[in-house]
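Asker: Once you know that position 211 of the sequence shown is 211 in the UniProt record's numbering, the rest is easy, because the numbers rise by one and skip nothing.
Derived by calculation from the structure, the hints in this document are not laboratory data. Among the hints, erroneous ones may be present.
Claimed, not checked - The following label-pair restraints were derived from C-beta to C-beta distances: (1) Ile230 <-> Ala94: 20 to 30 Å; (2) Leu106 <-> Glu180: 30 to 40 Å; (3) Gly199 <-> Leu179: 11 to 21 Å.
Glycine included, C-beta positions come from ideal geometry on N, C-alpha and C.
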Amino acid sequence: MSDRDTSYREKVNSTSYTTALENRLYEQSERLEELHMEAAIDAQLTDIVSSEGLNDKPPLNDMDHLAPKPIFDNYVNPNSVANCLSPYVPTTAAKIAKFVEFASLLESDVLLDIGCGDGRICVSAARLSGCRAVGIDVSPLCIAMARELAREENLEDRLSFFEADATIDPKRLLQSPLLESDLKDVTVIFLYTYPTLLGRLFPLLAKFTENGKARVVTLTYHLSQSMANIAKRDEEFDLCLYNRVFDVTSNE
Numbered sequence: 001m002s003d004r005d006t007s008y009r010e011k012v013n014s015t016s017y018t019t020a021l022e023n024r025l026y027e028q029s030e031r032l033e034e035l036h037m038e039a040a041i042d043a044q045l046t047d048i049v050s051s052e053g054l055n056d057k058p059p060l061n062d063m064d065h066l067a068p069k070p071i072f073d074n075y076v077n078p079n080s081v082a083n084c085l086s087p088y089v090p091t092t093a094a095k096i097a098k099f100v101e102f103a104s105l106l107e108s109d110v111l112l113d114i115g116c117g118d119g120r121i122c123v124s125a126a127r128l129s130g131c132r133a134v135g136i137d138v139s140p141l142c143i144a145m146a147r148e149l150a151r152e153e154n155l156e157d158r159l160s161f162f163e164a165d166a167t168i169d170p171k172r173l174l175q176s177p178l179l180e181s182d183l184k185d186v187t188v189i190f191l192y193t194y195p196t197l198l199g200r201l202f203p204l205l206a207k208f209t210e211n212g213k214a215r216v217v218t219l220t221y222h223l224s225q226s227m228a229n230i231a232k233r234d235e236e237f238d239l240c241l242y243n244r245v246f247d248v249t250s251n252e
């Protein structure tokens, strides 16, 4: 183990570092929740204004036109999956720090966080290990927040964030220009995603892990042994690392 590896592992295990990171990410979550609420209110008011004077289809009851509607294509609605992978559930600082150690992230790695939210995984991983990172998310507010966080942490040269739908048709996803540019050197993929939605990512995960090119780490929601080769697992933090994922949709 190099001196650099030892140094960042000591930082990962540092209580003071984890506490500072936890406080920083808590503030980030509060800001993002405020933005989501403002966007929801704006969307609701827009719906109310646009419906004024349209009496051809009256509401079923007096309150129907005031019912809040999902925003970001159901991004914040936990009961609707639509084209989002999961509702916004931030990862804690302790789990982020453990992920960096568990995945053995190095400065030479390129991390991809699918459903990156406010960018905390990418930012923290880059800060701890020196790796480069790419985050994608369906929410424009999350991407804006992630880019702001990268600027505040002076990590813009190592981080990229894109508003993108990771659940589109596999063939379209695999033909995306991103795969030949920002994602071509990905070596680690992080997923904190509902199991019912992981299936939409199999073609992409299989592409990245073929020939041992990349490894996949899942938090809380994992792949079965019939879908992937499990290299190791951390029971305490509920992390799994896979060195190969199979495209189980290829025969469908």
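Asker: Note whether the CB distance of Gly199 and Leu179 lies within 11 to 21 Å or breaks it.
Answerer: holds (20 Å)
Asker: Cβ-Cβ distance between Leu106 and Glu180: within 30 to 40 Å?
Answerer: violated (24 Å)
Asker: Confirm or reject the claim that Ile230 and Ala94 have a C-beta distance inside 20 to 30 Å.
Answerer: Holds: the Cβ-Cβ distance is about 23 Å, inside 20 to 30 Å.
Figure legend: structure checked against the earlier numbered hints; the only hint not met is number 2.
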